[in-house]
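Enquirer: Residue-level listing of the chains:
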Amino acid sequence: MSDPAVDFRDVTLRYRIMADRGITSFKEWAIRRLTHRIHFLDLVALSGVSFTLEPGRALGVIGHNGAGKSTLLRVAAGILEPTRGVAIVRGRQAPVIELGLGFEAELSGRENIFFNGALLGRSHPEMERRLDEIVEFADLADFIDQPIRTYSTGMVARLAFAIATTVDAHILLLDEVLSVGDASFRLKCLQRLEEFREDGVTILLVSHDLDTVAAMCDVALWLDRGTVRGFGPAAEVVDHYRASVGEAHLVGGAIETVG
Amino acid sequence: MHATAVPVLVNAAGGKPNVIREIRDLVAHSNLLWNLVHRDLTVRYKRSIIGFFWTMLNPLLLMIILTVVFSTIFRFEGIDNYPTYFLSAYLVFGFFAQTTNQSMGSLAWNGSLMKQVRVPKSIFAIATTISGLVNLCLAYIPLFAIMLATGAPICRTIVFLPISFLLIAMFTLGVSLMLSALAVYFEDVQHMYAVATVGLMYMTPIIYPITIVPYKWLWVIRFNPLTHLFKLARDPVYGCTLPGGHVILASVAAAVIALVIGWVVFHRLARGFYLHL
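The listed protein sequences derive, respectively, from chains C and H. Numbering-wise (the numbering used here), the first sequence opens with residue 1 and increments by one. Numbering-wise (the numbering used here), the second sequence opens with residue 1 and increments by one.
Isolated chain C, as found in the complex:
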């Protein structure tokens, strides 16, 4: 298999929003429409992003808030459609963009496992096979038939991570999910990611935690206002990013002293 697992070609994504953000009422919209006073703004979330990722490698996506990291992940997951360009992803995906997606407080842990699995596009028999493993990893054997409104936040996070990562997937998409839970849970998550890496799973990880990216990932992609500022070996890109952030701080500091 020489085809890359993830192949972004000139991916651009623009959002079109109403300039008057206040229009949330149909009546107001109809009136403005009649008087031709609706203006639109284009927001560029991704601009000409191209990169490829070989199967079995781990990519860390870094950058400031609003740089387009989550948008990139959502394009890879097929949630958002690019305005220009094409994104090709080869392999079965396990998107972990938000933990505890669609959890229903009234339903039991077991029912939520099946519901969450269905959301991720898994079949009922597959979830049945995986049930014991999920319950064991989440360490919830005694509570699995209780409604999850009785769970603590940590229990919910454990269950969610266990469901999302107990799966036969070729590609794991992770969005800032390692920042939840306590230290021991984070360690457990990192161990699990390491297992995935050993099994040859391709990983796309969006994170603000530069140390994790440098340690866990082979390559890193640095996004800045929707464009690629750096792409290459993770440690190098993280260093460049750190240096640029440091500079920005210095410049900001200098201006402040002058002013």
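Simulated from the structure, these hints should not be mistaken for lab results. All figures in this text were calculated on a predicted structure; none of them were measured in a lab. Any given hint could turn out to be false.
So the derived list for chain C, only partly shown, Cβ under 10 Å to chain H, looks like this [said to hold, decoys possible]:
{"hint": "1", "residue": "Thr12"}
{"hint": "2", "residue": "Thr24"}
{"hint": "3", "residue": "Ile31"}
{"hint": "4", "residue": "Phe51"}
{"hint": "5", "residue": "Pro82"}
{"hint": "6", "residue": "Ala87"}
{"hint": "7", "residue": "Gly91"}
{"hint": "8", "residue": "Leu101"}
{"hint": "9", "residue": "Glu104"}
{"hint": "10", "residue": "Gly117"}
{"hint": "11", "residue": "Arg122"}
{"hint": "12", "residue": "Phe143"}
{"hint": "13", "residue": "Gln146"}
{"hint": "14", "residue": "Gln191"}
Glycine included, every Cβ here is placed at the ideal spot set by N, Cα and C.
Based on the hints, put chain H in the right spot on chain C.
Expert: This is chain H only, laid out in the frame that chain C set:
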């Protein structure tokens, strides 16, 4: 990894909304659809017997109120067994009103899901329609009980009901798709529609017979697609007749047109959901 089993996602610009692709996607997510329906029903009944019986009790209580009001205070000439006349159309109206109203809430409520996983966006309206159909079927149990108690004949023509339900569900789904997409953009759509629902109920012969409508207003009733769709459900139960050809024709046309318009509007607006949900 077997190269043959590897699914490939090609996410390209300018992909047009495509009926066949959407249906394929829905089939691939059928497990999710059943889970959504199951969640709707379990949460609604909260696994309690009372929740289940409430569905039964609701039409019974309504019937008592309306029978008292319309058999003693307001009286319509020429309607035997008013409870059956009223309920045979009102249950279907309840399904339509509840499903369209709920689907607006359900799309907004499930909005966060659509930002996190790739699911066919119309799946929520479809799930709401299916759970509404389950509730509708359950509501016929007390109706038949009332008919037995009041001595109304239960005829063989009721075997036509599944066809009535199918057409009414198609129409309801079309309206639900359109309204739920609009409700994502404009928060007042839901409130405006709640008022419109009341208006619709009085524009359709549900509580009154069509014969009392003045001639100059008859066209309103005739052009109201719900009139024909509800007749489709009432005739086999109340009149013991199969609906006439023109009623079926009008209903099929209403169902197909509503579904097509709803689908087109929904998918045109769906592109912008991400920013509004």
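Enquirer: With reference to the structure, classify each hint as holding or not holding.
Expert: Right, here's what the structure says about each hint:
no. : hint   : result
1   : Thr12  : 8 Å, holds
2   : Thr24  : 5 Å, holds
3   : Ile31  : 12 Å, violated
4   : Phe51  : 15 Å, violated
5   : Pro82  : 5 Å, holds
6   : Ala87  : 4 Å, holds
7   : Gly91  : 5 Å, holds
8   : Leu101 : 5 Å, holds
9   : Glu104 : 6 Å, holds
10  : Gly117 : 8 Å, holds
11  : Arg122 : 7 Å, holds
12  : Phe143 : 17 Å, violated
13  : Gln146 : 13 Å, violated
14  : Gln191 : 23 Å, violated
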